[in-house]
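Colleague: Okay, here's what each chain looks like letter by letter:
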Amino acid sequence: MKMKKLLAVLLAGAMVMSMAGCGGSGGSGSADSGSTGSDAAADAGDTGSSADTGSAADTGSASESGDVVEIRFTEWDGGDTLAVYEEVAEKFNSTHPGIHVTVMNIPDEYDTKITTMIAGNDVPEVCCMNSDTLLFPLAEEGIIANLQEYIDNDPDFDTECVGDQFKYMLNADYMAGYGVGSENITMFYNPALFAQYGVEEPPASYADAWDWDTFVENAQKLTIDKNGKNALDPDFDPENIDVYGVTISKWWAGYMPFLFSQGGDYLTADGSAIGYATPEGKDVLQKLADLTYVYHVAPTPTTSQTMPGLSEALATNKVAMSFDGQWSNATLMNDGVEYNVAALPKMGDKAQTVATFGAIALMNTEKADAAFEFVKFMMTEVGACEPLFLSGLWLPTNMKEYNDDYIQSVITDKHPSNYYETIVKPMMDGTANTPITAYVKNFNKINDVISPALDDLWSGEKTADEAISSIEADANAEVAGFYGK
Amino acid sequence: MKKKKTIKMSTWNNIVGWGFALPAVLGFLIFNLVPMVLSGYYSLCDYNIIKTPEFVGFKNFIALFTGQEKTFWLSAKATVLYAIMAVPANLIFAFMIALLLNCDMKMRAFFRSLFYLPCILPAVASSFVWILLMNPDFGLFNTILEWLHLPKSQFFWGKDSVLPSIVFMGIWGTGSTQVIFLAGLQDIPSVYYEALEIDGGNAWHKFWNVTLPMISSTLFFNLVMGIINALQVFGQAYIITEGGPNNASLFYVYNLWRQAFKYMDMGMASAMAWVLFLVVLVLTAFVFKTSNKWVYYEGGEE
Amino acid sequence: MAGKGQTKEAAQAMDGGVVLHPQKKMRKKRRPYFYVKKVLFYTVLLALSLICVIPLYWMLRSSFMKNTDIYSMRPFIFWPKEMLWSNYTDALKSADFGRYAVNTMVIVIGCLAGTLLTSSMAAYAFSRVKWKGRSFCFAMILTTMMLPGSVTLIPQFMIWRNLNLVDTYRPLILPSFFGGGAFNIFLLRQFFLGIPRDLDDAARIDGAGPFQIYTRIMLPLSRSAMVVVALFTFLNCWNDFFGPIIYLNTKENFTLAVGLLQFRGDYSTKWNLLMAASTIVVAPCIVIYLFGQKQLIEGISLTGLKA
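Chains as they are written, first to last, in the numbering used here: chain A, 1 to 485; chain B, 1001 to 1302; chain C, 2001 to 2307.
No lab work stands behind these hints, which were simulated from the structure alone.
Using N, Cα and C, we set each Cβ at its ideal position, and we do this for glycine too.
Certain hints may be false.
A few chain A residues that face chain B, going by a derived Cβ cut-off under 7 Å, partial list only [claimed, not checked]: (1) T115; (2) T133; (3) E141; (4) D455; (5) D456.
Label-pair ranges, simulated between beta-carbon atoms [stated by the list, open to error]: (6) C:F2034 x B:R1108: 12 to 20 Å; (7) B:F1110 x A:P191: 50 to 58 Å; (8) C:F2136 x A:D67: 51 to 59 Å; (9) C:I2109 x B:F1065: 44 to 52 Å; (10) C:A2283 x A:K400: 48 to 56 Å; (11) C:R2216 x B:F1110: 29 to 37 Å.
Could you build all of it, start to finish, from the sequences and the hints given here?
Modeller: See below:
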């Protein structure tokens, strides 16, 4: 009997304890996150059991220095990027005495952790966000603040720094985030192989880009089997290829430049159906698949997924051309590989590429005003992320950094010679399209329907028409139109 | 007199039992019960983690079973296929390795450590290696297959080969099962073997009449854990295949995680979790029920 | 009892006349057969262990190489000619691994103490004492393993959040002091059930209480199982990155497993540094395992004696 009573009491206690938490989660999610850091710290300090001595005690240092507002900036990237963010935070802290920014690195399970923190009423003040998952849903619930409002209310804000193409707009007035660290998809090539097989190097400028047939023909000349014969030779042995003409990256950013080039988009213009189901969309996918199964100039998807890194592939003459993200420059430059970049070929009238970038979001917390100062610093401070421009990893998202003087100053002699023409210029003249994740609603779910179906295309089991038709209805059922309109 | 004593004994036993189990029971009440109950409640709600859960009855379950949520049956199928292959494969292999390592041999400590190595290495490091080993073009396994004039495989990148590949890779991660078997094997008193040896029993007799019955409680444990773990397989899909190719390795718990943290549909994820919970519960209860037919405890069941 | 019975039956069956004959024959034939068996045995053992070693070999090899050479297959580099020790110094410099190691040790020691104590206590209650509600409580504890963690994560986080214990080690350690996980309880229960009951009865006649039976009989006799539990707890804590990522915010509180992940960049990963750091992080685990499995062997002789 006693046991039962005791049990009941304990049960009730546990219930109350966690119910309190659930109630909180229902709210706006921003209510009392302000005090949490210091509470936890104080608690860790005075009740310090043997379990958490020392290191756990110094959680947030807000408690000791009265007026300083503690801001947490979460991001997922380790390595050099983390180091640069920490430098930026330090620079900010030294010029903003009332605010202290700490970079909070979450090296894995980023969305899980952010979601959990939000559910637990412990919202970080500034977050890097995945535009395909959390960014827009959180903005819809008001957990991410409207950056536009803060910018409009700040007379000191230098709006010349802001570029429309880098905005993540929930609707016409609500800015959910701003791009940080822009990149685009580009062509890397190995000049030595072009010289060896007597093929003219690809043009640097998108204005002169190769058309698709020229590209395919050149790729065939550069695809060499183990007997030294190229893919145009009737005796060519496609089973034993030594040098591949081209590798393409198998994700949305890898195909979108060609769909844009054909005048298409991820969704049809009225935002009611997927763009791959249009004749142009299927044509793009089929042409990319034909590189492998008709012309034998590109490795099979399994091979390319498991190919050595781009740097290794170019350095060891395994690949003549590769469509990949511009961020690869950082590794290539660091490894000292001999390479260059060039414009992507065009499938339609005009050669295009697509940009990708992360989003920095201001969270709707009590400290949002102070946190905005940091967001503002990230958006307007010229050269804040300069080490990453110098390393070739990123391009600016601050429009003031897109002037020739500044850009030339961050292009080093390690950068490939076409860097400015091929990579920087498209960001300024609109050749690099806004990432589709910034304006396609429900992108994540649509993509999770399309991608598996494309596996059958890349493995050669189905044509583009068959693969897309098999999921067209399912994918269209997930289509929900555009953001920002 | 006698009666009084037995009553006292049972009360005393209750006190001792509850006393010893108290930390664990408290732990269950504090850390597990409420989250479990809450997730059950969420399964009946529209709940996107941010907004207040909104009660909708069995809507989520209906969406799952009627195929409105298209990936549900797909992922259930992948998981069941995996479990059917993985549970026996892991058990048999781990048991064989444990028998092997329990033999009298030179450098036993050394070999035991080698077989446990794949479990010690961090997942980042070992999955990187497996991806390279199974590379269809230049990986070691295809090189060996080619050398043996056997057909090559696409491994993780083929629709039909991805599940067997994950099972195969999983076998090398059964170090902990092996160790549990080993500990069980070593608890078998050697007198039983000696007795049988005196009577002229051969290796097979020893295995069948001593080893198997004496290891049955360990086998039972590993079977139950094997079932629970196989149906909750997640890591390989998360780290290596991302559910591909063409959803062939879209495991149930991976799909559930995707619902919860990628699509922010915690209601649907909770509904999926509870469907799985009930399936695992029924299977486990079934194994427990049959266990008194084949599991032998030297200390007796009670 | 069935096991003993079977043993006797088997023995009786053997006595049925055929016994002496095969034994003699076996003696004669043993020598060549014995060696063939030995050779076969070691061949199989070596072949299997080779696959087990490959990941470790790969890790070590890559930790001494340039990032670009790791992938090189033609020609395959079996071992780098020039061993880049600088990878190790670079890896150690990139983060405060000393601090991470101390943090990890704090968590590991806390978890070990809690788990060994409370899971064995619970296992004792579930295997040796008859009490009301025993099966029910055991079943409840087992169910905690059956519900995927994804859906209980957020409520669990909220409990710790309401206790203001996020970003301390308590969410990572305290659960160990409350049973140490269903897996360990279940495992130990199975082993406790295998310990002959006569031993408790004898002790009870000598006047031992339940506590004495627990400390003097159950714990010493299940030493190998306790070592297994300790080993698993150690390795799990050491390699766990999910718990620390969810419950720790401050970099200064991070553990080694989280530190390893920090080498992974979104754009490119310095595999050589990651492998060097992994080697450093894994080395203590290998030592612990070598030590632990020695205890496992000692475990046999003890239990062998008792019966």
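Colleague: Give a verdict on every hint.
Modeller: Structure-based check of each hint:
Interface hint at A:T115: satisfied, since its Cβ lies 6 Å from the closest Cβ of chain B, which is below the 7 Å cut-off. Satisfaction of the interface hint for A:T133 is found here, the shortest Cβ-Cβ separation to chain B being roughly 6 Å, below the 7 Å cut-off. For A:E141, the suggested interface contact is upheld, since its CB lies about 4 Å from the closest CB of chain B, less than 7 Å. Using the Cβ-Cβ criterion of 7 Å, the hint placing A:D455 at the interface with chain B is satisfied: the shortest such distance is roughly 4 Å.
A least Cβ separation of about 6 Å between A:D456 and chain B falls short of the 7 Å threshold, and the interface hint therefore holds. Between C:F2034 and B:R1108 the C-beta distance comes to about 18 Å, which sits within the given range of 12 to 20 Å. The hinted range of 50 to 58 Å is satisfied by B:F1110 and A:P191, whose Cβ atoms lie roughly 52 Å apart. A beta carbon spacing of about 56 Å between C:F2136 and A:D67 agrees with the range 51 to 59 Å that was offered as a hint.
Between C:I2109 and B:F1065 the CB atoms are about 47 Å apart, so this pair conforms to the stated range of 44 to 52 Å. The supplied range of 48 to 56 Å is met by C:A2283 and A:K400, whose beta-carbon atoms lie about 50 Å from each other. Taken as a hint, the range 29 to 37 Å holds for the pair C:R2216 and B:F1110, whose Cβ atoms sit roughly 34 Å apart.
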